[in-house]
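*Asks:* If you want the building blocks of each chain, they are given just below.
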Amino acid sequence: MRTLAGSPEPPAPADAPRGPRSAAGMHPLVWIPALVIGVAMLIPAIYLVIAASALPAGEIWEIVTDPSTARLTGRTLGLAAAVTGASVVLGVPIAWLTVRTDLPARRFLSIATALPLVIPTYVGAFTLVGALAPGGLVESWSGWRPPSPYGFGGAFVALTLFTFPYVLITVQSGLRGLDPSIEEASRSLGHGPISTFLRVTLPQLRPSAAAGALLVTLYVLSDFGAVSILRYSTFTRALYLQYRTAFDRAPAALLGLMLVAITVVFVVIEARVARDRGQQFGRRGAGRAVTQVPLKRWRWPAAALCWSVVLIGLVIPLTVVTYWLVRGLGAGESPNLAFGAAGRSLLVAALAAAAAVLAAVPVAIWSARSPSRWARLTERASFTGYALPGIVVALALVFVGIRLVPSLYQTLAMLIFAYVVLFLPQAIGAIRSSLLQVEGNVEAAARTLGSDRLTALRRVTLPLARRGAIAGGALVFLTVLKELPATLLLSPIGFDTLAVRVWSATEEAFFTRAAIPAMLLVVLGSVPLAITMIRERRET
Amino acid sequence: MQPLFRPRSRLLVLLAVLALVATACGGNDDPADGEDAGAEEEMDEPSEPLTVYSGRNEELVSWAFDDFTAATGIEVEVRYGDTAELATTILEEGDASPADIYFAQDAGALGALEAEDRLVTLPDDILDRVDANFRAPSGAWTGVTGRARVLAFNTDVLSADEVPDSVFDLTDPEWQGRVGWAPTNGSFQAFVTAMRITDGEDVTREWLEGMLANDPVAFSNNTGAVEGVARGEAEVALVNHYYLYRFLAEDPDFNVDNKLLPGDIGGLVNIAGVGVLSSSDNQDAAFELVRFLLGDEVQTFFGQETDALEFPLVDGIESPELPTLAEIDPPQVDLSRLEDLQGTLELLNDVGALE
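Keeping their order, the protein sequence lines are chains A and B.
Going by the working numbering, the first residue of the first sequence is number 98, and it counts up by one from there.
Going by the working numbering, the first residue of the second sequence is number 13, and it counts up by one from there.
Chain B on its own, in the form it takes in the complex:
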C-alpha cells in the first residue's frame, strides 16, 4: 500500500509550493495575512488605506486608483464586483461595512444606498464641479462620467439614416424581428424607469407591449447585444454607447456603429458615480479621492482613453472623440428618481419582457 501515495503527495507538495510562489509573485496582498485576526492594530501608518467597492469594471477604472495613490500617497484597496450586488452587500454589512467609497455603474444603485441613509452629503466644492443634472439633489452622490443610451446598428445592413431617431419608432411593424434589447440588464431597466418618470406608466407599458409584439431578440447584457448585432441576429439594439469602442479595439473592422438619439428618452444619459459611506471612518481621504476623480486630469482621460471613452461631467472638459452633452441634448430626468426599480421590474414581468 505505502508506495501508492508517494507520487501523489509529491505532486501535491509541488502544487502547493507553486501556488504559494505564484501568489506571492502576483503582486497583491499575501492572502495568508488575512487569517491573522488581530493584525489590524497598526495605526501609525501615514494614512489608513481607503477601501472602495467598485461596480465599475477593473479593466476600465483601476488606472484612476493607481494614479490617485501615486499623486497622494494614500493607498486604495478595491473590491470589484457587480454594481447591484455590491450595493446589496453594503446594505447587508450595515454600519460595520469596510467600504469607504462606493463606485456605481448607475444612479439607481446609489439612490438605493441613499434611501437607506448609508451615504454622507458631499462637500460643496465637490458637488459644484458637476452639472446639477448629474448628481443627487441632496448631495449624497455625484456622477463621475456619463454614459448615453444609443441604438447600435449593423453597418452591413443599415445606414445611420435608416436607423430611427426615437425608440418609439421601433414598435412600428417594419421592425419586426430586427431589434435587440437586454431586458434583464441594469442600464436598460434604468432607461425604462426614466421612461416611466417622463412619459408615465401607461405610455411605457404600451411601448413595451409594442416592442414585444415585434418579437425583439433578447440578450443577457450589453456586450451580448452588441455582439449579436454584429452577427446579424438583430439589426439594431438598445445599448450603452461605450461598448462599441471596446469591440473596435478588439477588431478594427467591427461592423457596428452607434446612433445617438438627441432629445429622445431612448438617449438617456445615466451616470457612473460615487458616494461616500456614512459608516466610513476615513471620510476625508474618501473626499480626496472623489475630488481626484472629478479633477481635470482624470476627467480628460475618461473622455480620451479608448477603453472607457465616457462623457466627462465637469464643465469645460470635453471628449475629443464624443459629441458634447449639449449636442446629445439628453432628456431631463431626475437621476435620483431612478431608484424605483421595483416598479420597473414588476412592469417588465407583467408585460412578459423577462420570460
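The following block holds chain A by itself, in its conformation from the complex:
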C-alpha cells in the first residue's frame, strides 16, 4: 500500500502521522456535547455494576471461574469471529459490485442485498427452521433434505445473512466517498479490475469495513433470537435464561459486565485494524463522475453471488411468511393489516435515526479529528449499550429512568433515548469513517485561509460528515425497525410497532397475523436504502 504514496495524487504534506489533527484544538461545541453523550451511554454499564454489587464476592468469583463461563465465552467468541469474517468476505465484494460495476440489476440488488438486516433474527431463524429443518417446506416440496439449520452452522449462516449488511452499507458509503482517480490511475498502469480492487480500492476501504465489522461482531454478542431458535448456546443466551428463569438480577448483571469486558477487547482490535486509515491516498476528488467498472465474464458469477444472498436472506423468509398467510386465509383466519403499527414503526425509526445522527456527530468529529485520549474513550464508551442484549439496556433505563426522570418514564422521548443508547455506534462508525477518508488538514487549510474554528467546522467538517450521517442514519433506522425488548418495556403504553406485532403473533402461533406485519417491515426497510440510492443517482 505504501507504494501508492507516490501515486498521481500525492499525499498532502503530512509532517507527522497525527500532525494535522493535533494542529487545531477542538471547539468546545464539539467536545462538551460529545462528553455528555458519552457519559449517558454508560448508563447500562453503571446499572450493571450497581446490580452486580449485590452479589457477595465469593459468588462473583464462583461465577467468573465456573468452567461453563469459559465454555460460553469460547463459543460466543468463536461465533462472533466466524460471522464477522464471513460478513466482511460477503459484504465488501457485494458493496463494490453494487456501487462500482455494471452488475445486472445493480440498483435493485444494492437494496435487496441489504434488506435481510430488517428481518428480526428471531423471525429470520424461525422461518429458516420452517424451511430448512428436517420435514420443513424445502424437503416437503422438493424431497431434498437441506443441511440441518441447527447448531453452530445454522447460527453462523443465519447471523451472517442477517447482519452482514452492516458491512455492506458502511462499505458502500465508503466507496461512494472514494476518489475514483486513483483507481483510474491504477487501471491506466495496466492493472485489471480485480487487481485494482484488491490493491487500490480495498486498502482504502479499511476504515469503513472495520467499522461495519465491529457492528457485526457486537451485534452477534448481543443476539438472542437466532441462537436460541437455532440451538447454539452463547453468553447472551445464558444471560437471557438467567433473566427469564430466575428473578435474581444480580447473576445476570455479572454476566452482562463480562460481556462488556469482551466488548472492550473487540473495540480495541477494531481500533488497531482501522488505524492505517488509508490517508496516504490523499483527499477525495470533489464531485467527480465515477466510471463503472465492466465486469465482463465475471458479470454473471457476480450476479449469482448477490442473488444467492437475496435468496437465503430475503426470499426464503418471505416465502415462509407468504405460505403462512395463504394457509391461514384458507383456514379462515384473518390477517392483521397493522397499518397503525407500521406508522408507529416508521415514526420511531425516523426519530431514532435523526436523534442518533445528531448525537453521533460531535462524538465522531471529536474522535476522528482530535488526538485526545478522552475523545477515543468517549467513542468507545458508546459501544457498551450496543453490545449488551436489549433486555439489559431496557432494564437499566427502567431502573434509572423511573428514579431520575419519572415524568419521562415510558414516553416516546424515553423510547427514542433507549434506541440511541442501543444503536449510537452505528451512526458514529459511519460518520467517523467518512471523516477519516479525508485528512484533518482540510480543516487546518480552512483556518489558514482565515476561517475561525467554528466556521471551519460548519463549512468543512460537517459537509464531509454528511455522507456518513446518511449511511449511519439508515443503519439506525433499519435496526430500530426490528428492535423488541426496549420497545416492549419503554414505549408509551399501548404503543406497538411492527416488530411487536410480529413477535406477539409468532409467539402464540398466530402465523396468519404475523405475515403482513413481517412483510411491512421489509417494505419500510427499503425506504432509507432507496433514499441513499436516489442520492447516489443524482451524484453520478
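No lab work stands behind these hints: they were computed from the structure.
Here a beta-carbon is modelled for each residue, glycine too, at the ideal position from N, C-alpha and C.
Heads up, a few of these hints could be off.
[Said to hold, decoys possible] Here are the computed distance ranges between Cβ atoms for each label pair: (1) Ser74(B) x Ile147(A): 28 to 38 Å; (2) Gly355(B) x Arg500(A): 39 to 49 Å; (3) Gly106(B) x Pro164(A): 28 to 38 Å; (4) Arg349(B) x Phe249(A): 29 to 39 Å; (5) Pro468(A) x Ala127(B): 52 to 62 Å; (6) Arg349(B) x Ile143(A): 31 to 41 Å.
Please build the complex by placing chain B on the supplied structure of chain A, with the hints as guidance.
*Replies:* Here is chain B on its own, set in the frame of chain A:
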C-alpha cells in the same frame, strides 16, 4: 450542490406526514402526548385508567380487557411483554411502578413478586371463586385459567395408545431421538420445579439425565416444539396443551394431537394468574378487573374461545371442548412453591440440558 437535497427532503417530509397520519389512524394513544411532562394533572376524569402489565399474549386476552371497559366504563391500558421480563421490570421499577395489575403466564413469576412483597392480599370474595389449589395460600395472587402439560404427538407416526402415560417412560431407550422438549422455556422449567417438589432432587436429576441420554430434540419454545413434532423432527414433545388449537386454527389438517397425562407429574396444571400491586393507588378498580376475569361470562369464554381454550378455574364452569380438571387429575403441587426457579436453572445447567 443545492438541488441534490430536494428529492430527499421532499421524501422525508412525505414519510413524516405518512407516519403521523398512520399513527393517528392507528387507534392507540397519540405518542406525541407522551412528551408532555406535566400532563398528568387531570384527575376529574370519572376514574383513572387501570394499568395492566400482561405477560399473557395480546392476541389471547385483549378481548377480556375490552369487555371489562365496555361493562364498567373503566379504561384499561395494557403493556404486553414476556411474563418474566415484566416481573423483573416491576421489581426494578419499585414503588413508583405505573402498573396496577400483573397478569402472568405462570405461577412462578407471581411468586417472585409475592416474595418481594409487591402484591396485596386479594379480598376473600375473589379468592373464594377459585379452587385453593390454583391460588396462593397467602391470597397474594389467584389463577384465572389453567394450562395442562401434555405430550403432543405426531399423528402420522403414533397413535394415542403408543404415547406413554408418564414422562418417566420417556427415558426408556425405545424413545431414543424421538422426544422433543423446550428446556429453556418457562412452562417446562415450572414443570421441572414441580417434579423437584413432588419427587425430590435426586429423582428429577435422574430423570433429566435419562432424558439427555436419549438425545432429546431441543426447541426454543412450545410453538417451535409443536411445529417440530408436525415436521417429524420429534415424534412427541412435552408442551402446554393449548398451542395445538392455534395450529389447528391455522391448518385444519395439522398432524399433531395432545395426550393428557392424568395423575402424572408430566400432566401438571399450571395457571395463568393475576396479582394486584401493593404500590397501586387504584386497587379497588384493580379488584374489579380481577372479579371480572373470574366472572362466569369471561370464564366460560376462556373455555370456549378457540384461540385460548384454557381450563376455567371457577367452580361449576367447564369447557365443552376440554376434559374437566377432575378428569385430568393433576398432581397436587403447591403452585406458590414454583418460585424456586434458581434451583431448577442450576440443575438444568448442571446436567447439561441447556447446552
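*Asks:* Hints the structure violates: just list their numbers, smallest first.
*Replies:* Hint 2 contradicted; others consistent.
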